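> Spelled out from the first residue to the last, the chains are:
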Amino acid sequence: MTTDNRAASGWQAGAPTETANGTGKHMKQQVSLRDRLWKFFVWATMGFFLVNVLLLIATVAVNSVATRWFGTLLPQGFTLHWYAQAWSDFQLSSVLLVTLEVVGAVVLLSIVLGVPAAYALARVQFPGKRFAMLVFLLPLMVPPVTYGIPMATVMYKFHLAGTLTGVILANLVPALPFVILVMTPFIEQIDPNLESAARIFGANTFRYFRYVLLPLLVPGMLAAGLLVLVRTIGMFELTFFTAGPTTQTLVVALYYAVFSTGVRAPQSIDAMAMIYMAITMVWVLIALQFVSPTQLVSRVKEQKQ
Amino acid sequence: MIALPAQQRDPKGWLVTPALFFILALFIYPFAYGLMLSFSPMNGGSVWANYITFFTDSSMWPTIIVTLKLAVPATIINVGVSVPVAFALRRTSPWQKFVTTLLVVPVTLGTVLIADGMLTYFSPNGWFPQALQALHLYGDEVRLTHNYWGVLISLIVSGFPFAFLLTLSYVTGIDPTLARAAATLGASPWQQFRQIYLPLLLPGLTMTACLSFVQAFSVFPSAVLLGAPAGPTRVISIAASEAAFENYDYALASTIAIVMGFVQLLVVGGMLGARRFFYTGPVTGGKG
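Protein sequences, first through last, are from chains V and A.
Note that this note's numbering numbers the first sequence so that position 48 is 209, with each residue one more than the last.
Note that this note's numbering numbers the second sequence so that position 4 is 570, with each residue one more than the last.
In isolation and in its complexed conformation, chain A is listed as follows (with noise of 0.2 angstroms):
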């Protein structure tokens, strides 16, 4: 940036003080606090004595696992289906004003609201279950609440629309001209997709990507709702939560925090380091 000089600056640029005091000090000051705080044990001990508790202790380390285990599936799902979708709904049309206000009511009810809702729908009792034992599709008692599964059905139920919503709003900001060039050069709609869209959307998709994962791996009430939070969806959150407000050791919590943004910061980096090897460009058509 050109430094100005003093006397050219704009004073206007001070409006942003207010603003910008308040957010250091309620979210650049917290976290500076909890990284002090996470290597000054509660009860003592060396500086990593916190860091060591988390990777050595059988009811920590292993909720990273776990957490991936829940937050990768999610992921890929919930991208994975929004590039179809949004690519069939990539024109304007009613159908696609009808869909997207739909997808947005899941999103804005939040994920307690779906936990209440699909513990009575998934219940064995519900009527999912009822459906599929009526069509005769499963026999068997259908268990989906309690476990792994009511926690990744309810990351896709919040996290679908999300990761759709994004998609639709990249995919229709691409230049549809480009694919009607490539139509009229001879190309199937799959060679379109293929050719034109997909290397467009890369960096769109990459950070649909990566909002659905860290969102996913922050996954906290529907793991406790719908999960096992004792055992098979005991996540990190659940693990920083109950240090502290159960334990009050805010110490190790805070370490419980910083490893699980480490975490969501190292998935993050290599996904827009892998982007690199792609396309990287404007995404609508030159004069030519």
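Looking at chain V on its own, in the form it has when it is part of the complex (with noise of 0.2 angstroms):
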């Protein structure tokens, strides 16, 4: 209704047109102006946020080589000593030999058991699906602090609680449903007609799935993999709440170090903060090769077009 109304009193202003010329070409000039500005107070935004942002990392690299500093724009002096201080301090070979195991076990098994139920998904009418695909939805809809208490609770009534088991399974509970959330599209954007070709050439569904499915569904479980694999690293929550003092990963043992400073030396903290760092931002610049910005951050799957 408003816009019909808007574009007959557009009309008929447009009516003596010499006028409406006019104040067409100052109306634009004014726009243009008012334009730029916007464009630059938004550019201005994101440059201060992504310089700061990159500042404060550059501090924590700074600060990781620095023999003192105090009040300064730079540190007195370099040193790599703290790396190998950290590497002691925090047992970073235990810790590192842990976050191996957790990641590597949550992203083969996520894989494993998500793949199939996203398979399940993509292709079975069943009785239940909506119900299935609630499920699998609420793990990614929930942050992980309101489910990791009950959760950790649990783990404690059945003594996994501070175990590598129990580490491993809470941070599958985020993961599954995010493998199952990638996959089921992927799968479904492949031709159910191949499964019926491969039939008709006498294929049975051991060779169909080895010969036809499995290589069409390698780089869906890469990305899904690496996806994973990145989130799995960071996730602090689950981790913090389920593990005991032999089962921290990295990012867990950095917050116990944070959260005692004064113990250790803040440039030991920050040397232990890099390697967590050089080790995610790896994994990011592999995973960028293969996923957008958009999944690696988001719960939600990324629009299409």
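Simulated from the structure, these hints should not be mistaken for laboratory data.
For clarity, every value in this text was computed on a predicted model and none was experimentally measured.
By construction, the Cβ of each residue, glycine as well, lies at the ideal position given by its N, Cα and C atoms.
Hints are supplied without guarantee of correctness; some may be wrong.
Just a sample of chain A residues kept apart from chain V, beta carbon distances all over 10 angstroms, derived [as the list claims (entries may be wrong)]:
id	residue
1	PRO584
2	ASN609
3	PHE621
4	SER624
5	ILE631
6	LEU634
7	LYS635
8	VAL638
9	ALA654
10	VAL673
11	ALA681
12	ARG709
13	ARG746
14	SER784
15	LEU832
16	ALA840
In the EDC-like style, the derived pairs of lysine to aspartate or glutamate whose C-alpha atoms are separated by at most 20 angstroms in a straight line are [what the hints assert, rightly or not]:
id	chain 1	residue 1	chain 2	residue 2
17	A	LYS578	V	ASP352
18	V	LYS290	V	GLU349
19	V	LYS318	A	GLU812
20	V	LYS290	A	ASP576
21	A	LYS578	V	GLU356
22	A	LYS578	V	GLU262
23	V	LYS318	A	ASP815
24	V	LYS318	A	GLU808
Not everything, but these chain A residues come out facing chain V in the computed CB check (under 10 angstroms) [stated by the list, open to error]:
id	residue
25	PRO755
26	VAL790
27	ALA794
Given two chains presented individually in distinct reference frames, assemble the corresponding complex, making use of the accompanying hints.
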């Protein structure tokens, strides 16, 4: 309704051509100035944000190689010995081993359990499908802190808390639905006629799976696996709630180090932070070759055009 | 759903069961268990004792207000700034790729690392206060850590890229020919935004706001590391983890977690309900 009225009034105003042209030009100049100011404002905001984030990370990097740094632009001298210090201070070899075990197990198990489920959801109509979809969506919508505490409670009840199994199971809860969410649309776009074709040529289910479906699934599984990997390295809350002293992953160890600042030198903590950052960034860079930045960040699937 | 006769059912449907069983056992069951546990207080008492404790103890119920005071401004800032920036970057360009790639960094690094960096960067001797003083923008001592502002900044640092990338994916999903059609009819960029993009964007924006809010409301590590966890930034997740891992009162901890989930549900439900008053429909142009 309002648009109709507006169009009508515009039409009437446009009737005397000379005046309309004059005001139109004037307005255009105004608009372009306002437009330029607005654009400047948007870019300045974005630039300010990005510069600060980069400097924030640079602070950690500089501090991790600083001898003494207090109230000056740059530290007095540079050294690499904090990395060795951090390695022994925080028992990083065992922490990294735990991280590797947890992340590896979570990636493998989430693919092994998630891909068949995604296949069923993509291809088969079965009773309770909507229910299954809802159950898989919930862990992605509810934040980890909210369900982490009841989950940790159950883990303590079954004596799983503090064990490596417990940490892996806890991290699987958001990882598995994520794999299903990524893989379901991926499997949907694989032509179902391929199965019929393979069957006509005499392939049994195993041969169809091994020689037709699996090669087609690999790119999707790779993307899903990388996404889960990056998320699991950075998953703090669930690991924090379920890990014991011997089953801390790198990010949890980093939290405890920052939490008890003053016990260790801040440079040593920042050296550990740099190791964590390097590991994460390497995998992010690898993942970005296969997936879009939005997929890496959000829990909902990217809108398709 | 149409019930299929038994013989027509595809046995491949069973492939979903291992994953379904896993989530039921490790997500649904703990929730149900936590809900039951919240009604059976550790020290006895009535069924509602835990909830009464939460809503009467002055170290418990204010955490809801404290958390809302952080989460609501953070959500408004993150989503509010995302919209114009995503709108400015809606066309595919090298800039878009560059900015989105850079923005992935703070999100994937996670709140713990951001907190660690912020502690140095915003500390009274860090680069940020140094720069402010060198530019004579602010004379007094700059205090941006161990208080409310530290936590709010960390929520923006990790939440803004998330909101932006989501908004961008919604903005790029809108058919640009719609705006071009409006431009042909004489709509200024602002009018195009107001009349075309915004109505089509609202469902996506509601979703972004919901996810951003839920994330901000469950703020945990940065509230401890960057805030004042004993006072001004004692958020609800701190109260919950304290009850569980310091006092070993899992019943009370579950109660707090349930209250936390309920508040999130309430706000998200409110936002989704409000969305109904706006346009819902396709975001692509018809073949008119």
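> Look at each hint and say if it fits the structure.
Here is what the structure says about each hint:
1. Non-interface status of PRO584/A relative to chain V is broken: a Cβ of that chain comes within 10 angstroms, the nearest being about 5 angstroms off.
2. Non-interface status of ASN609/A relative to chain V is upheld: no Cβ of that chain comes within 10 angstroms, the nearest being about 17 angstroms off.
3. With a cut of 10 angstroms on Cβ distances, PHE621/A stays outside the contact zone with chain V, its closest approach being about 18 angstroms.
4. For SER624/A, the requirement that its beta carbon stay farther than 10 angstroms from each beta carbon of chain V is met, with the minimum near 22 angstroms.
5. No beta-carbon of chain V comes within 10 angstroms of the beta-carbon of ILE631/A; the shortest separation is about 18 angstroms.
6. Even its closest Cβ contact with chain V, about 15 angstroms, leaves LEU634/A beyond 10 angstroms, as expected for a residue assigned away from the interface.
7. Against chain V, the non-interface label of LYS635/A holds: every CB pair exceeds 10 angstroms, the least being about 17 angstroms.
8. Distance check on VAL638/A: its Cβ is at least 16 angstroms (rounded) from any Cβ of chain V, clearing the 10 angstroms threshold; non-interface status holds.
9. The claim that ALA654/A is not at the interface with chain V is violated, since a C-beta of that chain comes within 10 angstroms of its own (minimum 5 angstroms).
10. A Cβ of chain V approaches the Cβ of VAL673/A within 10 angstroms, the least distance being about 5 angstroms, so the stated non-interface status is violated.
11. Remark: the non-interface label on ALA681/A conflicts with the geometry, its nearest Cβ contact in chain V lying 6 angstroms away (cut-off 10 angstroms).
12. Against chain V, the non-interface label of ARG709/A holds: every CB pair exceeds 10 angstroms, the least being about 15 angstroms.
13. No Cβ of chain V approaches the Cβ of ARG746/A within 10 angstroms, the least distance being about 16 angstroms, so the stated non-interface status holds.
14. For SER784/A, the non-interface assignment is contradicted: its Cβ lies about 4 angstroms from the closest Cβ of chain V, within the 10 angstroms cut-off.
15. Look at LEU832/A: its CB is around 13 angstroms from the nearest CB on chain V, clear of 10 angstroms, so calling it non-interface holds up.
16. With a closest Cβ-Cβ approach of about 18 angstroms to chain V, ALA840/A is found to remain outside the 10 angstroms limit, as its non-interface label requires.
17. Between LYS578/A and ASP352/V the CA atoms are separated by roughly 17 angstroms; this keeps the pair inside 20 angstroms, and the hint holds.
18. For the hint linking LYS290/V to GLU349/V, the alpha-carbon distance of about 15 angstroms falls within 20 angstroms, and the restraint holds.
19. Distance check on the hinted pair: LYS318/V and GLU812/A sit about 17 angstroms apart at the alpha-carbon level, within 20 angstroms; holds.
20. With a C-alpha separation of about 13 angstroms, the suggested pair LYS290/V and ASP576/A falls inside the 20 angstroms cut-off, and the hint holds.
21. Annotation: proposed proximity of LYS578/A to GLU356/V holds, straight-line Cα distance about 13 angstroms (limit 20 angstroms).
22. The suggested pairing of LYS578/A with GLU262/V is violated, with an alpha-carbon distance near 31 angstroms, which exceeds 20 angstroms.
23. The straight-line distance between the Cα atoms of LYS318/V and ASP815/A is roughly 13 angstroms, inside the 20 angstroms bound, and the hint therefore holds.
24. Between the alpha carbons of LYS318/V and GLU808/A the distance comes to roughly 18 angstroms, so the proposed pair stays at or under 20 angstroms and holds.
25. Using the Cβ-Cβ criterion of 10 angstroms, the hint placing PRO755/A at the interface with chain V is satisfied: the shortest such distance is roughly 6 angstroms.
26. Nearest Cβ of chain V to the Cβ of VAL790/A: about 7 angstroms, under the 10 angstroms cut. The hint holds.
27. For ALA794/A, the interface hint is violated, since its Cβ never comes within 10 angstroms of a Cβ in chain V; the closest pair sits about 14 angstroms apart.
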